[in-house]
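With these hints in hand, go ahead and build the complete structure from the sequences.
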Amino acid sequence: MSVTAPRTRLAVGKVGDRLLRDDAVPKVRGEFDYSSDLSAPGMLWGDTVRSPHAHARILSVDLTRALTLPGVHAVLTHADVPGRKTYGLEFPDQPVLAIDRVRYVGEPVAVVAADQPEQARRAIEAIEVEYEPLEPVVDMERALEQEPLHPDRPTAGHGYLDDPRPNVVRHLVIRHGNPDAAGDVVVRGEYEVGIQDQAFLGPESGLAVPDGEGGVDIHVATQWIHVDRDQVAPCLDLEPERVRVHLAGVGGAFGGREDLSMQIHGALLALHTGRPVKMSYDREESFTGHVHRHPARIRCEHRATRDGRITCVRMEILLDGGAYASSSTAVASNAASFALGPYRVDNALIEATAVYTNNPPCGAMRGFGAVQTCFAAEAQVDRLAEELGIDPVELRLLNALEPGDTLPTGQVVTGSLPTREVIRRAAALRIPDAEPLPRDPLRLPGGAGNTTRGEGVRRGVGFALGFKNICYSEGFDDFCAARVVLRADGGAVVHSAAAEVGQGVVGVILQVARTELGTDDVTLAPAATASVGSAGSASASRMTWMAAGAVRDACRAALEERERRGGGEVDVERVYRHPRTTPLDPETGQITGKRAHVALAVAAMRVVAEVDVELGLSRVVWIGTAQDVGHAVNPLAVEGQIEGGTAQGLGLALMEELVTRDGAILNASFTDYLIPTALDMPPVEIELVEEAQPDAPYGVKGVGEPPTVVSTAAILSALRDATGRPLTRVPVRPDDICL
Amino acid sequence: MCLSSPVDVHTPRTLDEALELKAALPEARFVQGGTDVMVELNFGRSRPPALVNLAELDELRGWSSEDGELRLGAGLTYTEAMRPELAELVPALAEAARTVGSPQIRNRGTVGGNLGTASPAGDALPPLLAEGALVDVASVRGVRTLPLDEFLLGVKRNALEPDELVTAVRLAPSGGPQTFMKVGPRNAMVIAICSLAVIVDAAAGEVRASFGSAATTARRVTVPLAEAAALPERVADAAAPIDDVRATAAYRRHSLRVLASRALERCLRS
Amino acid sequence: MKIALTVNGERREADLWGGESLLTMLRDTLELPGSKNACEQGECGSCSVLLDGELVCSCLVLAAQADGHEIVTVEGLASGDELHPVQRAFVDAGAVQCGFCTPGLVVAVTDLLARTPDPGDDEIREALSGNLCRCTGYAKIFDAVRLAAEGR
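First to last, the protein sequences are chains A, B and C. Following our numbering, the numbering of the first sequence begins with 1 at its first residue and continues without gaps. Following our numbering, the numbering of the second sequence begins with 740 at its first residue and continues without gaps. Following our numbering, the numbering of the third sequence begins with 1010 at its first residue and continues without gaps.
By construction, these hints were calculated from the structure, which means they are not laboratory data. Be aware that one or more of the hints could be misleading.
Unchecked claim - A short, non-exhaustive set of chain C residues, derived as facing chain B with CB atoms under 7 Å: (1) G1027; (2) S1057; (3) V1065; (4) V1070; (5) A1073; (6) Q1074; (7) V1081; (8) L1092.
Said to hold, decoys possible - SDA-like cross-link-like pairs, simulated, lysine to any residue; straight-line CA separation at most 25 Å: (9) A:K85 to A:P52; (10) C:K1011 to B:R786; (11) A:K85 to A:R101; (12) C:K1011 to A:S39; (13) C:K1011 to B:A988; (14) C:K1011 to B:E779; (15) B:K895 to A:T671; (16) A:K594 to A:V413; (17) B:K895 to B:R768; (18) C:K1011 to A:D115; (19) C:K1011 to B:R909; (20) B:K895 to B:P765; (21) C:K1011 to B:N792; (22) C:K1011 to C:E1022; (23) A:K85 to A:R57; (24) B:K895 to A:A664; (25) C:K1011 to B:A763; (26) B:K895 to B:A969; (27) B:K895 to A:V659; (28) A:K85 to A:L63; (29) C:K1011 to C:D1037; (30) C:K1011 to A:P41; (31) A:K594 to A:A664; (32) C:K1011 to B:D747; (33) C:K1011 to A:Q116; (34) C:K1011 to B:D797; (35) B:K895 to B:N792; (36) C:K1011 to B:T753; (37) C:K1011 to C:E1040; (38) B:K895 to B:A954.
Note that the Cβ used here is the ideal one computed from N, Cα and C, for glycine as well.
Here it is as structure tokens:
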């Protein structure tokens, strides 16, 4: 297959062009500075003491031996945190360094700084912590009956349903129509999702540099530099302006960098020693160094009429949030809001509960609650199709949610949501014929393992549909600032705090600026809290929309300002806000205003898989997808997001799970936490369905999450078709297929 | 960038030098391909006082064939095992090499390393065991040879004395139809959930199978050719698999049965 | 201990404490941070370099083993401002997102095309099976390989 592309210049394009990335050149040269590549003269290396227990009291911490080791400059505990002792994305329930208790394996207890990494490592080993182990809470259902891990209930109130049971982070109920409405056919199922990890390749890392005046500059790979600053500053007992956060090169994020990693630790050590301090987690530490996707148990009941109309759905969703709240309250809300899938269902009862346990803390991961529910809901829809004798694609078309329909939260779907078009375009993609034997083992299930020459191999075709919100929800005051400087010589500099995490937002910003300003001479300044207001997080598939809006507005304002002045240098900053949302009613889960969600995006996927049913090994052969993308600012980048998001869904379907025992991760390495390789990913045929989102800049929509939401469900659909097994748990284990 | 307690690295240029070093430094660790040792060093799990780098020893390189006996140097890499000339002599070893990780790992992982680490999952071990390979071991005290199944003692335990080094593996290739198969949860780069090498040796009138990752060491099962159909059950019976993070014992036993049945079919048909 | 080796055509010397990997030496001592440290276990390929012309994970090579040998890293592929054709192809095919896997992949692809100038799809997949990418799903990486192969 030949690929033609411009060979010599990096296109400096406009919105809608297929563009190459400016930052690709330093990246291919190995010259792009990731956070783990940073260094500074006089730099020390930091390291962290982490709890080996999932739940324990800290009886004593003895630092004396560590303090005497060569090269050690600082050994710090919670006593050395000058300001607030806790932090958190939504609730400050997480200690900077454990105080009297640890609640998960890997919880930070102390940090050190030394001349060399090896010296820091030895200092860590020399710190003696005396623990009194306590019984860990590790089962998400039993957690509701056990001792509360956070007796002060940090998430109570806040406009949520009051749930007095211990260890509830959030309990959300959505009551829509008549939850007892009947159907001719009833399908019940119980589904389970294991813990997935973002497994971004770039380790958690950063460099904290004291400014000599009591303040600090933190260079870190993160998703939202301003919210990092706002969590760090109170802990350091500093005004926000004295904590300057700079975006360092990010080696992937996928939600795993929304929460803090080394930011406060590094800053503490830097301020304490008066030296720059670098911290970089190795892969094993990384697994305990960030939050993961919530594992879930989901019970469903779907009722439908004989002619295929879904009349009523009841779902109970239980999410294990692990030791600290992170963004679990929002994940629970998302899971519930989109639990049914993009179908018009007049009656529903959806309950989502996120709980505290002593398992690894969970938070944001691409798809954010909708992945887990899509897997369950789509399995249910396939079963309904089978019960009713209706083609699974037809059944989805029949019930498809479209603008003008009502979500179970009572929100009327406005804007673009071309669900039927997406279904049709995906269903119309031609699936490849079965490849004849003999084949190279690489082209059979088992791959390089040489396990079959065709024996036991069955082929299956599956289909799934999924959707979720674009942008933040429930009244979150989300905004994005951008600053544009028009130089006297005609060139322009754009300042944006938008985190480039690999998704290509730097390209979007430049495209928008070049389009609006009508010049190619636009550069993007490094993202820093000191130079521009918050851009919000690179999350919720919001960054393109929000950055495009902010940069557009700032460009237009800059041009107006220059015209008003009659030329000269101009420097303006503008803040863009998307249409407002309001919270859901805590008792009914219904909207309190016009909408709880800004916009929706839908994707459909068709999968061909082959399964060696005797060994339980699967190979995905082909994937075809149609996705509602609003307006593709850069189709090349949009395809990249769809291909990458699909790979992560394939991983959850077939191979990715953090295995825990009593709260400890047993497979904290790439040897045993398996992500898809080049031999695991099939070709992905993509149909971009462009129907402009009316209230979005340039009609854009976020594209990063829908492929991850739908792909796990679609792959499972194909596996069920091939094996005839119910496959109610992901990731699928070989035992589930062949034993 | 020197540390307070550096590790001494010795790079002997001759085998004798290497043996003398190991005799003088019994706590030293050998490193050749590094695919096992370096992981332990990188994560601080192992801090030996000294390392002996075997990568410059000509005596461990390559392979030779004489009078029907094949000698594989301990330094033979998986990539070399896949090359046509050698692959023709021990096809199951070449197939095993192909299942190993990636080109990067295949270029460095060695037969000697598989033996030194003695993991029950070592990919080279089942094909070598199935061919009744012998292990040559040397020290300043001399050389000795022992069968591979006596060399492998348990999980990551082998019969090497502290001053000994594996120099080669020798076998008389039976030349019979053979295959190697490995079960893993994705299509590449996996530690075997279980693996199986099967050789049909018509001249000896037997079928030999050797499995990995289903007991404390790789193990061999031999059945007379006339009773070949019993092989899958015999393999399943000989296995002593465990539940671990990668798979269940039940699955391992089941899949060995399936692999054995398929391997037999493959070998008898060819 | 002191060692001397050739890196990207240049003679370099390094002072080692002994237990460090070639990757650590390249990044921290020789100031060549292009090779990446995503796993340091040989599972991801982000540290891939050429050692005497062979593709290896530099995290699995003891730095001392490189004494007297030749290393080529990602930083050694371009000629001044002129990108190596494989690098060019990665840019043109849109195969770079976060880019953390990119250096290792660029080295691995350079090695593949040197051995097999016109690889088929399966050969490409197998040759790259030791390089993990979390962002792209590999599709545009394969496009880049084909583009680079065409250009030769």
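Results of checking the hints against the structure:
Satisfaction of the interface hint for G1027 of chain C is found here, the shortest Cβ-Cβ separation to chain B being roughly 3 Å, below the 7 Å cut-off. Of the supplied interface hints, the one on S1057 of chain C holds, with its beta-carbon coming within about 6 Å of a beta-carbon of chain B, less than 7 Å. For V1065 of chain C, the shortest C-beta to C-beta distance to chain B is roughly 5 Å, which falls under 7 Å, so the interface hint holds. The beta carbon of V1070 of chain C is positioned within 7 Å of a beta carbon in chain B (closest approach about 6 Å), and the interface hint is therefore held.
The beta carbon of A1073 of chain C is positioned within 7 Å of a beta carbon in chain B (closest approach about 4 Å), and the interface hint is therefore held. At about 5 Å, the closest approach between the beta carbon of Q1074 of chain C and any beta carbon in chain B falls short of 7 Å, and the interface hint on this residue holds. Hint status for V1081 of chain C relative to chain B: violated, with the closest Cβ pair at about 14 Å, above 7 Å. Taking 7 Å as the C-beta contact cut-off toward chain B, the hint placing L1092 of chain C at the interface is violated, the least distance being around 23 Å.
A C-alpha spacing of about 21 Å is found between K85 of chain A and P52 of chain A, which places the hinted pair at or below 25 Å, so the restraint holds. Note on K1011 of chain C and R786 of chain B: the hinted pairing holds, with a Cα-Cα distance of about 20 Å set against a maximum of 25 Å. For the given pair, K85 of chain A sits about 13 Å from R101 of chain A by alpha-carbon distance, which is consistent with the 25 Å threshold. Proximity of K1011 of chain C to S39 of chain A is assessed by CA-CA distance (about 23 Å); at most 25 Å being required, the pair is judged to hold.
Between K1011 of chain C and A988 of chain B the CA atoms are separated by roughly 49 Å; this puts the pair beyond 25 Å, and the hint is violated. The straight-line distance between the Cα atoms of K1011 of chain C and E779 of chain B is roughly 23 Å, inside the 25 Å bound, and the hint therefore holds. Restraint check for K895 of chain B and T671 of chain A: the C-alpha separation of about 17 Å stays at or below 25 Å, so the hint holds. Taking the CA atoms of K594 of chain A and V413 of chain A, the gap is near 10 Å; set against the 25 Å cutoff, the hint holds.
The suggested pairing of K895 of chain B with R768 of chain B holds, with an alpha-carbon distance near 14 Å, which does not exceed 25 Å. Restraint check for K1011 of chain C and D115 of chain A: the C-alpha separation of about 20 Å stays at or below 25 Å, so the hint holds. Under the criterion of a C-alpha separation no larger than 25 Å, the hint pairing K1011 of chain C with R909 of chain B is inconsistent with the structure, at around 38 Å. For the hint linking K895 of chain B to P765 of chain B, the alpha-carbon distance of about 18 Å falls within 25 Å, and the restraint holds.
Under the criterion of a C-alpha separation no larger than 25 Å, the hint pairing K1011 of chain C with N792 of chain B is consistent with the structure, at around 15 Å. Restraint check: the Cα-Cα separation between K1011 of chain C and E1022 of chain C comes to about 7 Å, which is no more than 25 Å; the hinted pair holds. Of the pairs offered as hints, the one joining K85 of chain A and R57 of chain A holds, with about 17 Å between alpha carbons and a cut-off of 25 Å not exceeded. Restraint check for K895 of chain B and A664 of chain A: satisfied, since their Cα atoms lie roughly 24 Å apart, inside the 25 Å limit.
Restraint check for K1011 of chain C and A763 of chain B: the C-alpha separation of about 23 Å stays at or below 25 Å, so the hint holds. The suggested pairing of K895 of chain B with A969 of chain B is violated, with an alpha-carbon distance near 30 Å, which exceeds 25 Å. Of the pairs offered as hints, the one joining K895 of chain B and V659 of chain A holds, with about 23 Å between alpha carbons and a cut-off of 25 Å not exceeded. In summary, the hint linking K85 of chain A to L63 of chain A is supported, as the alpha carbons are separated by about 20 Å, within the 25 Å threshold.
The hinted pair formed by K1011 of chain C and D1037 of chain C meets the criterion: a straight-line CA distance of about 15 Å does not exceed 25 Å. Straight-line distance between C-alpha atoms of K1011 of chain C and P41 of chain A comes to about 23 Å, which keeps the hinted pair within the 25 Å bound. Simply put, K594 of chain A and A664 of chain A have alpha-carbon atoms about 44 Å apart, too far for the 25 Å limit, and the pair is violated. Our distance criterion of 25 Å between C-alpha atoms is met by K1011 of chain C and D747 of chain B, whose separation comes to about 11 Å.
Of the pairs offered as hints, the one joining K1011 of chain C and Q116 of chain A holds, with about 18 Å between alpha carbons and a cut-off of 25 Å not exceeded. The hinted pair formed by K1011 of chain C and D797 of chain B meets the criterion: a straight-line CA distance of about 23 Å does not exceed 25 Å. Distance restraint check for K895 of chain B and N792 of chain B: the Cα-Cα separation of roughly 20 Å lies within the 25 Å cut-off, and the hinted pair is therefore satisfied. Using a Cα cut-off of 25 Å, the hinted pair K1011 of chain C and T753 of chain B holds, with the two alpha carbons roughly 21 Å apart.
Restraint check for K1011 of chain C and E1040 of chain C: satisfied, since their Cα atoms lie roughly 16 Å apart, inside the 25 Å limit. Between K895 of chain B and A954 of chain B the CA atoms are separated by roughly 12 Å; this keeps the pair inside 25 Å, and the hint holds.
Consistency note: the structure conflicts with the earlier hints numbered 7, 8, 13, 19, 26, 31.
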